[in-house]
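Visitor: Could you put together the complete structure from these sequences and hints?
Its first residue numbered 97, the sequence shown is counted upward by one per residue in the working numbering.
Calculated directly from the structure, the hints in this document are not laboratory data. Fair warning: there could be bad hints in the mix.
For each label pair, taking beta carbons as the anchor points, the in silico distance ranges come out as [said to hold, decoys possible]: (1) H194 with W99: 16 to 24 Å; (2) H155 with D124: 39 to 47 Å; (3) R158 with V215: 45 to 53 Å; (4) D110 with V219: 38 to 46 Å.
C-beta atoms are modelled at their ideal positions from N, C-alpha and C, and glycine is treated no differently.
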Amino acid sequence: MSWHGALVRYWMYDEDSGEAVETKHYFDQICNGDNKQDKEATAALVEALLLSLRRDVPHVTRLTFQSDNASNYQNAYLGLMLPILGEVHGYYVMRYVHSDTQDGKSMLDAHFATASRKVKSWVRQELIEQDRAHGAELSQQVRPLEKSLSKIIDRANDIFYDFPLPLAPLESGFDLKKVPSYRMMALLKTMVLLLLLQVQDLVMAELALSLTNDKTKKAMTTFSGAYILIVMKWSAIHECAMVFSEIVGKTTVMEMKMSLILKSKTNIFWMTIAT
Numbered sequence: 097m098s099w100h101g102a103l104v105r106y107w108m109y110d111e112d113s114g115e116a117v118e119t120k121h122y123f124d125q126i127c128n129g130d131n132k133q134d135k136e137a138t139a140a141l142v143e144a145l146l147l148s149l150r151r152d153v154p155h156v157t158r159l160t161f162q163s164d165n166a167s168n169y170q171n172a173y174l175g176l177m178l179p180i181l182g183e184v185h186g187y188y189v190m191r192y193v194h195s196d197t198q199d200g201k202s203m204l205d206a207h208f209a210t211a212s213r214k215v216k217s218w219v220r221q222e223l224i225e226q227d228r229a230h231g232a233e234l235s236q237q238v239r240p241l242e243k244s245l246s247k248i249i250d251r252a253n254d255i256f257y258d259f260p261l262p263l264a265p266l267e268s269g270f271d272l273k274k275v276p277s278y279r280m281m282a283l284l285k286t287m288v289l290l291l292l293l294q295v296q297d298l299v300m301a302e303l304a305l306s307l308t309n310d311k312t313k314k315a316m317t318t319f320s321g322a323y324i325l326i327v328m329k330w331s332a333i334h335e336c337a338m339v340f341s342e343i344v345g346k347t348t349v350m351e352m353k354m355s356l357i358l359k360s361k362t363n364i365f366w367m368t369i370a371t
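Guide: And the structure:
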C-alpha cells in the first residue's frame with residue numbers, strides 16, 4: 097500500500113476585509129495493492145491531483161509545485177512531465193521547487209504525522225488489544241468491496257476521459273492551423289520529451305534525422321503540411337531538466353525556446369514550426 101499526499105494553498109481577495117484570504121486543501125492518495133513510489137507512479141498521482149483540483153477549485157489556472165528531496169521527485173522525467181500534464185488539464189506550471197534537507201518541516205508533514213498517529217492507534221486497538229476474531233470479521237466484510245472496486249479501477253483496457261472532445265471533420269484533412277493552442281503546446285512538448293528520451297544515450301542513428309556536423313545538428317522533416325526545423329547543440333545528456341518558455345505566435349509561426357540544465361553546462365534547444 098502506498099500513501100501519497102499533497103497540500104494545495106491558494107489565496108482569494110476578500111472584499112469585506114480588503115485582504116487576501118488563504119485556503120488550504122489536503123489531498124490523500126492511497127494506492128491499495130501497490131507500494132511503488134517511482135517516478136511513473138508519482139506522475140500518475142500528480143495527474144490525479146490535477147483532476148481533483150480542477151473539480152474542486154476550477155478558478156485556479158497557474159501552479160507552482162514544491163516537493164521534498166525524495167528520489168521519486170528529483171529526476172528529469174518528472175520535471176519534463178509536470179508542464180505537459182499542466183497543459184493537458186488547462187494549467188500553466190510556473191515553477192518546480194525542491195526543498196533541501198535542512199529546510200525543516202512543512203504543514204504537509206504535520207498532516208502526515210497526525211494521520212499516521214491515527215492509523216497506528218487504530219491498528220493497535222483493532223489488531224492487538226481487541227480480539228483477533230473481530231479483525232477477521234471486519235476483513236471478511238471489507239473483502240467483497242475490495243474485489244468489486246478492483247474490477248472498476250484496475251482495468252487496463254478501458255480508458256475513460258472525463259472531458260469532452262469535440263470532433264469536427266475537415267474536408268482537407270488535418271489542418272495544423274486549426275489545432276487549439278493549448279493542445280498544440282502539449283503536442284510540441286510531448287514531441288520534445290520523446291526526442292530527448294531517444295537521444296539520452298547519444299544514439300544518433302535512432303533519430304532518423306540527417307545530421308550535418310559535430311557542433312550543430314540540423315534536420316528538416318515534414319509533418320502534416322508543416323515543416324519542422326530542429327537545431328540542437330549536443331553534449332552528454334544524462335540528467336536534465338527543462339524550463340519551458342511561452343510560445344509566441346498563435347497562427348502561422350510558433351517558436352519554442354527551452355533550456356536544458358545539464359551537469360556541466362547549459363545548452364539551448366530551438367524548435368520552429370512554420371506553415
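Visitor: All the hints need checking, so say for each whether the structure fits it.
Guide: Right, here's what the structure says about each hint:
Checked against the hint of 16 to 24 Å, the C-beta distance between H194 and W99 comes to roughly 21 Å, which is consistent with it. A hinted range of 39 to 47 Å is violated for the C-beta pair H155 and D124, which are about 23 Å apart. Separation of R158 from V215 is about 34 Å and departs from the stated range, judged on CB atoms against 45 to 53 Å. Between D110 and V219 the C-beta distance comes to about 42 Å, which sits within the given range of 38 to 46 Å.
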